[in-house]
Amino acid sequence: MYKKKILLTGSGGMLGSRVFQELLLNPAYTVFTVGRVSRGENSFACDLSDPIAFADVLESVAPDIVIHCAANVNLGSCEREKAYTYGLHVLSSRLIASRKSIQRSIFISTDSVFDGLEGNYTEKSAVTPLNYYALTKALGEECFFNASHAALVIRTNIIGFNSPLNSSLFEWAWENLAAGKKITGYKNVFFNPLYVGTLAKIIIQLLNSSLTGVVHTGCREGLSKYEFIRKIAEVFELPLDNISGSELDVSEGEIRRPLNTILATRNVENLLGIEMPDITAELMAIKRDSRK
Numbered sequence: 001m002y003k004k005k006i007l008l009t010g011s012g013g014m015l016g017s018r019v020f021q022e023l024l025l026n027p028a029y030t031v032f033t034v035g036r037v038s039r040g041e042n043s044f045a046c047d048l049s050d051p052i053a054f055a056d057v058l059e060s061v062a063p064d065i066v067i068h069c070a071a072n073v074n075l076g077s078c079e080r081e082k083a084y085t086y087g088l089h090v091l092s093s094r095l096i097a098s099r100k101s102i103q104r105s106i107f108i109s110t111d112s113v114f115d116g117l118e119g120n121y122t123e124k125s126a127v128t129p130l131n132y133y134a135l136t137k138a139l140g141e142e143c144f145f146n147a148s149h150a151a152l153v154i155r156t157n158i159i160g161f162n163s164p165l166n167s168s169l170f171e172w173a174w175e176n177l178a179a180g181k182k183i184t185g186y187k188n189v190f191f192n193p194l195y196v197g198t199l200a201k202i203i204i205q206l207l208n209s210s211l212t213g214v215v216h217t218g219c220r221e222g223l224s225k226y227e228f229i230r231k232i233a234e235v236f237e238l239p240l241d242n243i244s245g246s247e248l249d250v251s252e253g254e255i256r257r258p259l260n261t262i263l264a265t266r267n268v269e270n271l272l273g274i275e276m277p278d279i280t281a282e283l284m285a286i287k288r289d290s291r292k
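The numbering of the sequence shown is UniProt numbering, which starts it at 1 and goes up by one.
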């Protein structure tokens with residue numbers, strides 16, 4: 001029986017590594033990975049921002065399916081290294097989307113493509129990126145919207161543990177609270193993140209569907225970054241009195257950031273016949289999986 005070839009980008013990242021684990025459970029696929037370092041068999045080390053190098057990988061693998069998880073999520077780095085970021089988010093996407101031999105592709109995008117003035121964004125909401133990270137992700141989306149094959153964009157905001165620990169909001173808050181340090185969370189910045197373990201399973205479900213275009217994923221309810229940090233403390237049994245709240249002044253700093261990127265998820269719930277989890281359930285899942 002022919003096993004479809006899947007090429008997964010960013011397989012060493014927080015989300016990509018979980019998607020890789022899920023794909024290995026499915027005997028219908030032969031999984032290839034590409035990223036900064038090789039993972040061994042069926043794995044390619046490649047600078048994905050280099051279209052010539054990435055085109056060589058696509059030619060070598062000749063994948064039936066591509067899941068594009070690779071991204072530069074450091075906003076400061078995106079502003080400083082614009083050529084690299086453009087190559088990683090846009091040029092690589094253009095190569096995937098234009099390859100006619102590919103049957104199916106999925107592009108992992110971000111809630112940051114919106115300006116944050118309203119929140120509760122649907123798939124039909126206008127995209128209005130505020131910074132270079134968001135702009136290049138939006139341009140990457142456009143490549144897949146115009147793909148030569150069945151392509152799907154998934155907008156989301158992910159949480160979980162990197163290995164080793166990285167500097168995401170969740171990891172920063174957990175690490176500092178566990179060390180007994182006092183931290184501050186913004187009361188006027190809102191989102192509805194999703195655990196990478198949950199999202200990886202949803203990606204597989206969407207991969208096996210005929211859906212194209214764009215879908216939003218996230219936990220059931222939105223909350224402020226301050227409330228999120230307090231939830232972390234509650235679930236991981238860390239001191240709540242070390243958490244204080246403040247307001248983000250969007251006029252400060254060189255990088256513009258949206259204040260409310262809550263995504264409406266009813267569409268994907270209806271399409272898959274599921275109910276998105278609440279944030280407490282997601283944090284409990286992170287806690288449970290971190291003990292394995």
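For the record, the hints were derived by calculation from the structure and aren't laboratory data.
A hint or two may mislead.
[Stated by the list, open to error] List of simulated lysine-lysine pairs, DSS-like, C-alpha gap at most 30 Å: (1) Lys4 x Lys201; (2) Lys124 x Lys201; (3) Lys82 x Lys124.
[What the hints assert, rightly or not] Computed Cβ-Cβ distance ranges for the label pairs, DEER-style: (4) Arg291 x Asp47: 29 to 37 Å; (5) Thr30 x Lys124: 34 to 42 Å; (6) Val250 x Thr30: 15 to 23 Å; (7) Lys4 x Asp278: 44 to 52 Å.
Note that CB positions come from ideal geometry on N, CA and C, so glycine has one too.
Hint by hint, here is what the structure shows:
1. Taken as a hint, the Lys4 and Lys201 pair is honoured in the structure, with Cα atoms around 18 Å apart against an allowance of 30 Å.
2. About 24 Å separates the Cα atoms of Lys124 and Lys201, which keeps this hinted pair within 30 Å; it holds.
3. With a C-alpha separation of about 28 Å, the suggested pair Lys82 and Lys124 falls inside the 30 Å cut-off, and the hint holds.
4. Distance hint for Arg291 and Asp47: a CB-CB separation of about 36 Å, consistent with the stated range 29 to 37 Å.
5. Take Thr30 and Lys124: their Cβ atoms lie about 37 Å apart, and the range 34 to 42 Å holds.
6. The supplied range of 15 to 23 Å is broken by Val250 and Thr30, whose beta-carbon atoms lie about 47 Å from each other.
7. The hinted range of 44 to 52 Å is not satisfied by Lys4 and Asp278, whose Cβ atoms lie roughly 35 Å apart.
When held up to the earlier numbered hints, the structure conflicts with 6, 7 and fits the remainder.
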